[in-house]
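Number of protein chains: 2
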Amino acid sequence: MKRAVCLISGGMDSLVSATIAKREGYEIYCLTVDYKQKAKKEIESAKKVAKFLKAKEHLILNIDLSWTKSALTRREIKIPKKAKGIPPTYVPARNTILLSLAVAYAETIDAENIFIGINSIDYSGYPDCRDVFVKKFQELVDVSTKKTVEGKKIKIEAPLLYLSKAEIVKKGVELGVDFSITWSCYRNTKKPCGKCDSCRLREIAFKKAKIPDPLIE
Amino acid sequence: MKRAVCLISGGMDSLVSATIAKREGYEIYCLTVDYKQKAKKEIESAKKVAKFLKAKEHLILNIDLSWTKSALTRREIKIPKKAKGIPPTYVPARNTILLSLAVAYAETIDAENIFIGINSIDYSGYPDCRDVFVKKFQELVDVSTKKTVEGKKIKIEAPLLYLSKAEIVKKGVELGVDFSITWSCYRNTKKPCGKCDSCRLREIAFKKAKIPDPLIE
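Quick note, the sequences are listed as chains A and B, same order.
Sequential numbering from 25 applies to the first sequence in my numbering.
Sequential numbering from 25 applies to the second sequence in my numbering.
Keep in mind the hints are simulated off the structure, nothing from the lab.
Treat each hint with caution, since some may be false.
Same chains, same names: a pair is fine if it fits in one copy or spans any two.
Unchecked claim - SDA-like mimics (lysine to any residue), calculated; alpha carbons at most 25 Å apart, straight line:
1. Lys-159 x Asn-137
2. Lys-177 x Ile-101
3. Lys-46 x Lys-62
4. Lys-159 x Gly-175
5. Lys-219 x Pro-104
6. Lys-105 x Glu-198
7. Lys-177 x Gln-162
8. Lys-176 x Ser-90
9. Lys-176 x Ile-110
10. Lys-62 x Leu-225
11. Lys-93 x Thr-172
I would like the entire structure built from these sequences, with the hints used as guidance.
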């Protein structure tokens, strides 16, 4: 059975992305990084997602990134209600760090595919969510691992890259995904704050898809 | 004062590489990753190196990579005396992980340069020590961070890339480097084992440079 490493954040995109892998017949190996983000609930959601996917394994790595300059990691940097350009919630090199760990995992378990839920359409302005990032990371992987240099492949799969957030919701529903187990809010409040960029993007997505958000209802 | 992030492993190459940065007038920010390698002594050496460099800061990150398939991390995989091709001491995606963390650090402290002591001449056969790796990582950085996308630079500096190991020794002596504080052996023995690939490469380097190794004498 072919194996896939699926990066799982606890949010809706990585759940849909990994569900696509599951439906394509991969054995699922989930990877989550607890980087001391403010929204600790993400980790609990990631565990539920791994369970939902019937993952063969769920590797949760503790990597303290609280020293990085980001509104998601530092108490003194506030999570803004609305931000222009690259917002303060950007975490330096986060997707590069996550994918490099996923590559190490893929090499270790001999997986040929890595699924990541990044999306370049309705995204938060993070440079490491764009298609050029995926392209350049793939080129890097092709020359830098034992596996790839010896002729095998490690392919970065970003099946949501060109979907709108509403299309992601629809895709998820179509695949029977349970969005109630996910957490998108940047805050660690009891209920999603509804004000941060991530909450707003999610709200618009469900509205456009004409589907109620089970986390809100 | 311009800042440089210097990846410090505790070995001789990263010490020489960082000393070059120091002599070029950078304020030094050291980054070391304790990834649960067998040779724990590396971390103690890295601390001595940071002190030798009078580093402004030494960030030591604990990232458990004991799950990766490598002779440097797993007890059941033996460190070979001599290996052909890409040896079992290769740690999956190690330099990609290290550099991605260095990029996050550089963005956080607003450093424009990252120094890494990799060397493509007398190296251990690791694919992520070659010049094509540095080239591709640079291309990735150029498109993936807030800093680079907003027009600033993060440049990967690998000043030892095209030097032989003997030339690195000579360069170090020329710069007044104290090699006695470094640790190259893959094992955590009291004295270097003298048998592993890393010990052998070091031995040959000092012999060719006609300089005694202070760690051996």
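Consistency of the hints with the structure:
{"no.": "1", "hint": "Lys-159 x Asn-137", "in the structure": "both (15 Å within a copy, 24 Å between copies)"}
{"no.": "2", "hint": "Lys-177 x Ile-101", "in the structure": "between (40 Å within a copy, 24 Å between copies)"}
{"no.": "3", "hint": "Lys-46 x Lys-62", "in the structure": "neither (29 Å within a copy, 36 Å between copies)"}
{"no.": "4", "hint": "Lys-159 x Gly-175", "in the structure": "both (19 Å within a copy, 20 Å between copies)"}
{"no.": "5", "hint": "Lys-219 x Pro-104", "in the structure": "within (8 Å within a copy, 56 Å between copies)"}
{"no.": "6", "hint": "Lys-105 x Glu-198", "in the structure": "neither (31 Å within a copy, 55 Å between copies)"}
{"no.": "7", "hint": "Lys-177 x Gln-162", "in the structure": "both (10 Å within a copy, 22 Å between copies)"}
{"no.": "8", "hint": "Lys-176 x Ser-90", "in the structure": "between (36 Å within a copy, 23 Å between copies)"}
{"no.": "9", "hint": "Lys-176 x Ile-110", "in the structure": "between (36 Å within a copy, 14 Å between copies)"}
{"no.": "10", "hint": "Lys-62 x Leu-225", "in the structure": "within (19 Å within a copy, 45 Å between copies)"}
{"no.": "11", "hint": "Lys-93 x Thr-172", "in the structure": "between (33 Å within a copy, 15 Å between copies)"}
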